[in-house]
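Asks: Go by the hints and put chain B onto chain A.
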Amino acid sequence: MSDKLESYLEEISHFLSGKDEREEILADIRAHILEKSAASAEGAATAGTPDDAAIERAIAAFGPARRVAERYLDQSRPIIAPAYKRFLFRYTTLLFAFHVLLTVFGVIFKKDFVLFPFVFMPRLGVIEALMYLPTAFLTDLGIVTLVLYIITQSGKDIRLPWPKFAVDINEVKPPVLAERIFIGIAAFIMLGITDFLVYLFIKHGSVFFVNLDLKNLKPLFMPAAGQRLSLILIAMFATSTMALFIKIITKSRWVDIISDVVSLGLIGLVLTQPFENLFAVHIEERLIPKIRYGIKFLLLFIAVMITIDLIKNIVILSRRKLAQTR
Amino acid sequence: MTEKERTEQDIGSLETEMNRGFLHILVLALLEKDTYGYAMVKHMETLGYTVEENTLYPLLRRLEKNGWISSKWDLSEDRPRKFYGITAQGRSLRAALLDVWKNQNRVLDQVTKEIRHV
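Here the protein sequences line up with chains A and B, keeping their order. Take 1 as the starting number for the first sequence in this note's numbering and just add one per residue. Take 1 as the starting number for the second sequence in this note's numbering and just add one per residue.
Next up, chain A with everything else stripped away, as it sits in the complex (with noise of 0.2 Å):
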């Protein structure tokens, strides 16, 4: 028996399952293939005696052994039904900010958050939740896919639900000249601030002041944690600024994601800021708890807008790779 054969059969049922019919596809494919070539040997040397390059040549014409494989698997059910394939991105993306939203807590209060058995998110810091993200994200397409796989392989119509406040995968259009125009000023005075908080961090060390007489300014913060958290908030509004004048040309969803995700991550190393002997002036101790929780409401509060405006960027993006791919 030839070889080649052989391991063109052997190539078919790499891609097969259940063994009984795997061998008779095989023998099928077989006899088909010697029958072939052992007809176009006829009238040659070898008269009916089947050559390896007639074989050679019946294996070519019988196609690929993958394509071969998948013309016999059953397509009739996929892996998940076509008309549940917009949830799989609708239901990952609301797990999944579920999931940040439960890291953003983790990572502010400094504790573990267990929901027997189906959440436990152990206490964070800013890098680790930063890496924990992605593989939360895997987790959840994961279980979703599971989900919808044995929908529909139950073949039931199952109705699943999904709330109203979808947004229209056609409401990103290139910017108008008006919306430009907009845009370009809202860049200007975005890059008039970043500038001036650049002038006052290179000639003061610290953004942050308690007056504004800038022949006499006195800072806020401690030299290091000033620094520290002045060159943060730079950072915040240099991301905003540069994100706006991208979007003068382009109003592509990428640009906004970006911008949160580092808009986030930002955060994230603002809360790493050890909050005792953080401030320059003198407070009163009993007014320091309140100024802590304060600002971590305040940073909460910001954390989550920015999180929603990730999670319906995503949303549309991925509703608008899906209507593309249709």
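Derived from the structure by calculation, the hints contain no laboratory data. Some clues are possibly wrong.
[Claimed, not checked] Partner residues are not named here, just some residues of chain B that face chain A (Cβ under 10 Å, in silico):
id, residue
1, Ala39
2, Leu56
3, Arg62
Note that CB positions come from ideal geometry on N, CA and C, so glycine has one too.
Replies: Frame of chain A; chain B shown alone:
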């Protein structure tokens, strides 16, 4: 890609879709007399119809699974051959499919005539 190439590609993919149903009827018709896969391919070629081998065999398998055709190996020759033949259930299916096809043909004929008169 030129307009002509795109049209040819479109025709190719639509033809594949149209062939799917046609091939079912054709195979069920050919199997009135027991025959094996390679002989069917050659027979179709003599009729002016080329079938991809890797389409025919999976189709035969599906038809057999559904009980519309049956098969048995013939080991009496030098090479083993798997002979297929239509079942009673397959004949009923073939008759129904031929009715569908005839009706589609009639509709198309009618529409084509109407177009000519416009």
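Asks: So, for every hint listed, does it hold in this structure?
Replies: Status of each hint after checking the structure:
no., hint, result
1, Ala39, "holds, 8 Å"
2, Leu56, "holds, 9 Å"
3, Arg62, "holds, 9 Å"
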